[in-house]
Amino acid sequence: MKDGLERTLIRIIATQAHLDPPLVVPGATLSDLGVTSLDLVEIIMTIEDEYDVIIPVDAVEASNNYKTVGDLIELGVSFGLEGHKRES
Amino acid sequence: MNHEPVVVTGTGCVSALGHSVEAFWSALQDGICGLRKLDTAAWPDLKVTIGGAIPPPDPREQLDVRRLPMLDRFSLLAIVAAQQAIAQSGLPLGDGGFRTGCFIGVGTAGAETIDELYRRLYLEGAKRVSVFTVPRVMPSAPASQISMMFGIRGPVFTVSSACASSNHAVATAVWLLRSGIIDAAVVGGTEAPLTFGTLKAWEAMRVLAPDTCRPFDRHRKGLVLAEGAGVFILERAEHAKARGASVLAQIAGVGMSADAADLVAPTLEGPAAAIRSCLTDANLCTDAIDYINAHGTGTAANDIAEIKIIKSVFGNDASHLSISSTKSMHGHALGASGALELIAVIEAIRRGVVPPTMNIEELDPECDLDVTPNCARERPIRAAISNAFAFGGTNAVIAVKRFDG
Numbered sequence: 517m518k519d520g521l522e523r524t525l526i527r528i529i530a531t532q533a534h535l536d537p538p539l540v541v542p543g544a545t546l547s548d549l550g551v552t553s554l555d556l557v558e559i560i561m562t563i564e565d566e567y568d569v570i571i572p573v574d575a576v577e578a579s580n581n582y583k584t585v586g587d588l589i590e591l592g593v594s595f596g597l598e599g600h601k602r603e604s
Numbered sequence: 032m033n034h035e036p037v038v039v040t041g042t043g044c045v046s047a048l049g050h051s052v053e054a055f056w057s058a059l060q061d062g063i064c065g066l067r068k069l070d071t072a073a074w075p076d077l078k079v080t081i082g083g084a085i086p087p088p089d090p091r092e093q094l095d096v097r098r099l100p101m102l103d104r105f106s107l108l109a110i111v112a113a114q115q116a117i118a119q120s121g122l123p124l125g126d127g128g129f130r131t132g133c134f135i136g137v138g139t140a141g142a143e144t145i146d147e148l149y150r151r152l153y154l155e156g157a158k159r160v161s162v163f164t165v166p167r168v169m170p171s172a173p174a175s176q177i178s179m180m181f182g183i184r185g186p187v188f189t190v191s192s193a194c195a196s197s198n199h200a201v202a203t204a205v206w207l208l209r210s211g212i213i214d215a216a217v218v219g220g221t222e223a224p225l226t227f228g229t230l231k232a233w234e235a236m237r238v239l240a241p242d243t244c245r246p247f248d249r250h251r252k253g254l255v256l257a258e259g260a261g262v263f264i265l266e267r268a269e270h271a272k273a274r275g276a277s278v279l280a281q282i283a284g285v286g287m288s289a290d291a292a293d294l295v296a297p298t299l300e301g302p303a304a305a306i307r308s309c310l311t312d313a314n315l316c317t318d319a320i321d322y323i324n325a326h327g328t329g330t331a332a333n334d335i336a337e338i339k340i341i342k343s344v345f346g347n348d349a350s351h352l353s354i355s356s357t358k359s360m361h362g363h364a365l366g367a368s369g370a371l372e373l374i375a376v377i378e379a380i381r382r383g384v385v386p387p388t389m390n391i392e393e394l395d396p397e398c399d400l401d402v403t404p405n406c407a408r409e410r411p412i413r414a415a416i417s418n419a420f421a422f423g424g425t426n427a428v429i430a431v432k433r434f435d436g
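Protein chains in written order, with the numbering used here: chain A, 517 to 604; chain B, 32 to 436.
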């Protein structure tokens with residue numbers, strides 16, 4: 517089930533950062549991928565829309581706390597999004 | 032007054048007349064009007080459907096696609112113009128940049144983004160809007176985006192005074208350069224007002240011409256809105272010389288005033304005071320000026336007043352002046368107008384050609400000075416001024432002359 521979440525998050529990140537999805541791997545750092553602080557907020561808001569949840573983080577907190585693709589996957593896990601309704 | 036000279040070492044622009052200074056000047060010299068029918072299919076009930084839109088290709092194509100979500104069109108245009116100016120001047124940046132400033136004139140901020148925001152919220156009932164909304168619409172966005180893109184780390188801010196914004200931005204740069212606080216400045220103006228909401232707002236003022244912009248013509252019907260940006264690299268002359276930069280022209284002086292009267296109708300005294308102050312600052316007598324790029328909006332109120340103002344300041348020397356309104360070709364780009372017109376002035380001086388006022392069929396007898404109707408004129412230009420008299424009564428005039436080294 518975590519694979520489904522991972523695939524969805526990678527798609528969201530790749531779309532926001534205009535990247536080929538294969539480049540977006542759990543170990544990649546967001547800054548290396550060119551994801552800015554506000555891109556990150558947009559990514560989190562897209563996750564909220566797709567999973568119909570609320571993830572209360574602000575722009576500064578988000579860029580301080582989530583440095584890698586894996587950190588965002590863990591964020592998803594912590595909000596119980598594995599196996600949560602739609603998966604890609 | 033004696034000040035250290037401030038010189039221009041780079042120019043860049045994008046406008047209804049094309050995507051470079053070369054295209055802009057070539058159109059001005061040939062009297063080509065860039066005001067055309069807009070694509071308003073998605074905008075119902077617009078009474079005025081002409082404007083000065085930038086011709087294809089879309090300037091967006093010049094930037095990394097990843098940068099675009101952060102940019103309202105007014106920032107995008109400013110970056111495109113700044114790229115050209117910085118490239119031409121060869122200004123070294125990125126290695127510090129603390130002695131370089133960036134001052135961008137803006138009339139209206141983030142019009143494209145605000146239109147989209149309201150459409151999504153009020154019409155489509157969207158629950159959330161883009162996280163980039165605030166950074167896109169902030170009036171300082173163009174200056175900040177240029178600063179971030181090119182590594183400019185000195186004073187960076189927006190200057191706003193409606194249609195005089197560009198000239199006030201240039202004046203700000205000139206004074207900061209003279210003071211020694213900075214060595215160089217990326218300065219200009221930008222505007223992207225061709226949105227449904229902005230056009231409706233201007234329509235309500237009933238100053239938009241339905242056909243075209245014909246300044247100084249007896250049958251002029253108003254102004255034509257346009258988008259565009261113009262950016263300059265200004266430097267202390269010593270700084271430009273030390274790095275071996277080519278100098279295009281000298282900013283000889285600046286003058287500013289305010290009418291403190293009507294919101295939209297210009298006074299005669301306010302603009303005249305700005306011109307006099309500019310000539311004094313530039314240490315130029317009225318007989319040293321060969322060309323005036325007029326504010327020349329093509330509205331009933333502006334044109335007659337501007338001719339009276341010029342006569343009151345220049346007296347007998349007014350009859351020797353060449354005057355023109357290049358808004359008849361690039362349109363009224365509001366906060367960017369002064370920058371586009373300053374490029375016209377710099378090129379006019381460099382090439383010894385006065386750009387025309389186009390679309391004149393029958394001169395208004397009250398506009399009885401040489402307004403260079405319909406055809407460019409060759410004449411050596413020693414010095415020139417560019418007028419900007421804005422809504423709100425804010426006036427700013429820039430004097431330019433050939434740089435003697």
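These are calculated hints, taken from the structure and not from any lab test. Wrong hints could be hidden among the right ones.
[Stated by the list, open to error] With a straight-line Cα cutoff of 16 angstroms, these simulated EDC-like cross-link-like pairs (lysine to aspartate or glutamate) come out:
hint : chain 1 : residue 1 : chain 2 : residue 2
1    : B       : 78        : B       : 300
2    : B       : 158       : A       : 568
3    : B       : 272       : B       : 214
4    : B       : 158       : A       : 566
5    : B       : 158       : A       : 536
6    : B       : 342       : B       : 269
7    : B       : 339       : B       : 300
8    : B       : 339       : B       : 242
9    : B       : 158       : A       : 565
10   : B       : 252       : B       : 234
11   : B       : 252       : B       : 395
12   : B       : 158       : B       : 147
[Claimed, not checked] Some chain B residues judged to face chain A by a derived CB distance under 10 angstroms, without partners named:
hint : residue
13   : 93
14   : 148
15   : 152
Positions of the beta carbon are idealized from the N, C-alpha and C atoms, including for glycine.
So, going through the hints one by one against the coordinates:
With a C-alpha separation of about 34 angstroms, the suggested pair residue 78 (chain B) and residue 300 (chain B) falls outside the 16 angstroms cut-off, and the hint is violated. With a C-alpha separation of about 12 angstroms, the suggested pairing of residue 158 (chain B) with residue 568 (chain A) holds against the 16 angstroms cut-off. Note on residue 272 (chain B) and residue 214 (chain B): the hinted pairing holds, with a Cα-Cα distance of about 12 angstroms set against a maximum of 16 angstroms. The straight-line distance between the Cα atoms of residue 158 (chain B) and residue 566 (chain A) is roughly 13 angstroms, inside the 16 angstroms bound, and the hint therefore holds.
For the proposed pair residue 158 (chain B) and residue 536 (chain A), the alpha carbon gap of about 29 angstroms is over 16 angstroms, so the pair is violated. For the hint linking residue 342 (chain B) to residue 269 (chain B), the alpha-carbon distance of about 37 angstroms lies beyond 16 angstroms, and the restraint is violated. At most 16 angstroms may separate the alpha-carbon atoms for a hinted pair to count; residue 339 (chain B) and residue 300 (chain B) meet this at roughly 10 angstroms. About 26 angstroms separates the Cα atoms of residue 339 (chain B) and residue 242 (chain B), which puts this hinted pair outside 16 angstroms; it is violated.
Restraint check for residue 158 (chain B) and residue 565 (chain A): the C-alpha separation of about 10 angstroms stays at or below 16 angstroms, so the hint holds. A hinted pair counts as satisfied when its Cα atoms are at most 16 angstroms apart, and residue 252 (chain B) with residue 234 (chain B) qualifies at roughly 13 angstroms. Taking the CA atoms of residue 252 (chain B) and residue 395 (chain B), the gap is near 12 angstroms; set against the 16 angstroms cutoff, the hint holds. With a C-alpha separation of about 14 angstroms, the suggested pair residue 158 (chain B) and residue 147 (chain B) falls inside the 16 angstroms cut-off, and the hint holds.
Using the Cβ-Cβ criterion of 10 angstroms, the hint placing residue 93 (chain B) at the interface with chain A is not satisfied: the shortest such distance is roughly 16 angstroms. Annotation: residue 148 (chain B) was flagged as interfacial toward chain A, and the flag is violated, the nearest CB pair being 15 angstroms apart, outside 10 angstroms. Among the interface hints, the one on residue 152 (chain B) is violated; its C-beta lies about 15 angstroms from the nearest C-beta in chain A, farther than the 10 angstroms criterion.
Hints 1, 5, 6, 8, 13, 14, 15, counting from the list given before, are not met by this structure.
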